[in-house]
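J.: Given the coordinates of chain H, work out where chain B should sit on it, guided by the hints.
Chains H and B supply the protein sequences, listed in that same order.
226 is the number that my numbering gives to position 226 of the first sequence; each next residue is one higher, with no gaps.
150 is the number that my numbering gives to position 150 of the second sequence; each next residue is one higher, with no gaps.
Hints listed in this document are in silico derivations from the structure and should not be mistaken for laboratory results.
For every residue, glycine included, the Cβ atom is placed at its ideal position computed from N, Cα and C.
Any given hint could be a false lead.
[As the list claims (entries may be wrong)] Straight-line Cα separation of at most 30 Å, BS3-like style, residue types lysine-lysine; simulated pairs:
#	chain 1	residue 1	chain 2	residue 2
1	B	Lys163	B	Lys88
2	B	Lys106	B	Lys280
3	B	Lys17	H	Lys244
4	H	Lys244	B	Lys163
5	B	Lys17	B	Lys106
6	B	Lys123	B	Lys106
7	H	Lys277	B	Lys88
8	H	Lys92	H	Lys224
9	B	Lys123	B	Lys41
[To be verified] Chain H regions said to be covered by chain B (calculated; three or more residues, Cβ under 8 Å):
#	region
10	78-90
11	146-156
12	248-259
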Amino acid sequence: MVTLGSDGCAILSTVSLIVEAEVVENIQLANPNFLLAVRAPEIAANVRPGQFVMAAVADDLSIPHPLLKRALAIFSVESEAGLPSIITLLVKVVGDGTQRLASLLPDEHVNLIGPLGNGFSSTGTSDRVHLLAAGGVGIASFYLLAEDLRRSGQEVHLLYGARTAQDLVGLEYFERLRIPLLLTTEDGSAGVQGLITEGLEQYLTQFVDRTPTLYVCGPDPMMKAVSALASLHRIPCQISVESKMACGFGVCLGCTIETVDSYQLACSDGPVFDAEKFIWQEG
Amino acid sequence: MTEIASLAVSIGDLRLKNPVLTASGTFGYGLEFTRFFDISKLGGFCTKGLSLEPMPGNAPERIAETPAGMLNAIGLENVGTEQFLSEKLPRLEAYDTHVIANIFGKTIEEFIAIVERLNPYPKVSAYELNISCPNIEQGGIEFGHDRVQTDRVVRAVKRVSEKPVWVKLSPNVTDVSAFARTCEDAGADAVSLVNTFVGMSVDIHRRRAVLSNRSGGLSGPAIRPLAVRLVYEVSQAVEIPVIGIGGIGTPQDALEFMLAGASAIQVGTANFHDPLASLKIVQGLRDYCSEHRITDINQIIATV
Chain H
1 MVTLGSDGCA
11 ILSTVSLIVE
21 AEVVENIQLA
31 NPNFLLAVRA
41 PEIAANVRPG
51 QFVMAAVADD
61 LSIPHPLLKR
71 ALAIFSVESE
81 AGLPSIITLL
91 VKVVGDGTQR
101 LASLLPDEHV
111 NLIGPLGNGF
121 SSTGTSDRVH
131 LLAAGGVGIA
141 SFYLLAEDLR
151 RSGQEVHLLY
161 GARTAQDLVG
171 LEYFERLRIP
181 LLLTTEDGSA
191 GVQGLITEGL
201 EQYLTQFVDR
211 TPTLYVCGPD
221 PMMKAVSALA
231 SLHRIPCQIS
241 VESKMACGFG
251 VCLGCTIETV
261 DSYQLACSDG
271 PVFDAEKFIW
281 QEG
Chain B
1 MTEIASLAVS
11 IGDLRLKNPV
21 LTASGTFGYG
31 LEFTRFFDIS
41 KLGGFCTKGL
51 SLEPMPGNAP
61 ERIAETPAGM
71 LNAIGLENVG
81 TEQFLSEKLP
91 RLEAYDTHVI
101 ANIFGKTIEE
111 FIAIVERLNP
121 YPKVSAYELN
131 ISCPNIEQGG
141 IEFGHDRVQT
151 DRVVRAVKRV
161 SEKPVWVKLS
171 PNVTDVSAFA
181 RTCEDAGADA
191 VSLVNTFVGM
201 SVDIHRRRAV
211 LSNRSGGLSG
221 PAIRPLAVRL
231 VYEVSQAVEI
241 PVIGIGGIGT
251 PQDALEFMLA
261 GASAIQVGTA
271 NFHDPLASLK
281 IVQGLRDYCS
291 EHRITDINQI
301 IATV
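Same shape as in the complex, but just chain H:
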C-alpha cells in the first residue's frame, strides 16, 4: 500500500515509509562488509536506483545506541511470490551503528525510513552507453541501476576499483547481469593494477561517438578524478555523494554539500548530483 503525503510538493513526491523490517539473511562478505537482506515490501515496491534508507537495529533500548540511524544505499530488490519484497543493504562496518547492523541475525528486526533521496536519472535512449564507475563500497548504489538499464535493453559497463581483490564486493551480482566488467585494484590482486580513472580514459575515447553517460559512486578523491575526466571529455556525469546525516529526509540540514548554485542537501536534493555543479571540498 502506497501512502503519499497529503501535500503535493516536490520533496514529497518520493514515497517514504517508516517500517520495521525482519532480517532474512545477513551475509558476511569480505571483511568488514555485510549484505543485509530485510523483508520490506513497501520499500521494495517503490525504490528507484540510487535511493537509500535510514536504518537502525530495532531493539528495546529506551535510548537508541547510537542515537541516529545510518544511511545505506539499497543494493538490490528481490521478489517473493512474484512481488518485490526483500531489499538488501551493503553495510561496511565503520563504527557502532554499522557494527550493530552487521551483527543482526535472521528474525531480528531493523527500523527503516525509506526509500529516500532522488536516485539516478537514466532516461537514455537505447543507442547510448552507460558507464558505471564504482570505488569500494560505492558499488552499493549501482546494482539496481545496472539491472534497470539492462532490462530496458541499454548497454551498460561497470568499472569497479578497490584497494585489493577482496574489497571488490558484490561482484557475483553484476556477473549475473552479464554486463562487461573492468576491474582494477591498487595492489593488482584482481583485474588491472592501478586506479579506475586509467581504464576509464580508454572507455571514454572508445565510446565518444555514442554519447556515453557516466555514473560515479566512491570515495571523494576517486569521484573528483572521474568527474574531472568527464568534464574534460564533455560527458554528462552523475555522482552519488555521501554525507553525515541525522534524519535523511530534509529537516536536520546537517548533510549540506556545496554546488555552484547553492548549498544543497545530500539527502533530499541528492544523493545524486550533476558532477559539473558539485564543488569538491579540500582535504
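T.: The following block gives chain B in isolation, referenced to the frame of chain H:
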C-alpha cells in the same frame, strides 16, 4: 470504561489540544512530516528559525554524533520570511495545529520587521524568539547572553506583536532564571527552554574540530537531566508558563518535564531518528493519564 483524559493545556491565551510541540530546527516547516503522520494530532510545532532574508547557513561539516546526542552548527539556514509566507504557510492551512513561528533577527529592527510581516496571518499562532542560537557569530548570542539586550528585544517585539510571544532561552548562561524573569518583566507570554548547550568534538585522525564552526549545540538525551533541572528552577522563578525542551523522545521524558514544571514540551532531536516520536508521546501521555486515573493533564504540571 475509563474516561479519556483531557490533554489540553493553555500557554497564556493560547490553548493547545495537547502539550506536545516539536522544537524549531528539528521539524522543518511542518510539511516535511506530513508524509509520515497527520501533524494535526500535535498541539503545535515550531518552525525552522525564520530570518528576514533567506540564510544559507554554515559550511559543512555541520553535525557530529556524540554519546546519546549530537552536535549541530547549521547556522540558521532558512528560506526567509517571504518564502515561508508564499510557499510554506498556505499549505499549513490544511492542518489543525498551532504554527509557532520561531524567528531570529540580527538586530531589534529585524525582529520587529519579521513580526510585522507575519502579524496579518492568522495561521501563525505565536512567536518564539530565538535569542539563543549558539552557532552564529553575530546576533542570537548577544541578545540571549545579555539581560539588557534580552529586555530590549522582548519589549520591542511585544509592542508590535499581535500574537503571544515566547522566548527561547539559552542554557549557556550562569543563571537562566534571571533571564526568564527579565523576559517575564518585559511582557513575554512564555519561556521555552533549553536551547542547545555549546559543545565541541575533535577528529583525532585529522586533528581538527569535527564541525566547520568548531563548536556546536549539543542536543538529545545527553542533555535531558540538565534541562529538567533548569525547567524546574525557572518554573519556580516565574509565573508565566514554561515550555520544556531537551532530549525528549518518549512519553516518560515528556512527563518528567511536566512534573518538574513545564506546561508543554517540545520534541527535538528525536524527530530525526524517530519521525513518529511526537505522535507516540501524545498517545503515551493519554495512556499515562488513564493508568493513573488522571482526568486532566494540568493536574500533574509542576507537582514535583
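J.: Report the numbers of all earlier hints that the structure fails to satisfy, in ascending order.
T.: 2, 3, 4, 5, 10, 11
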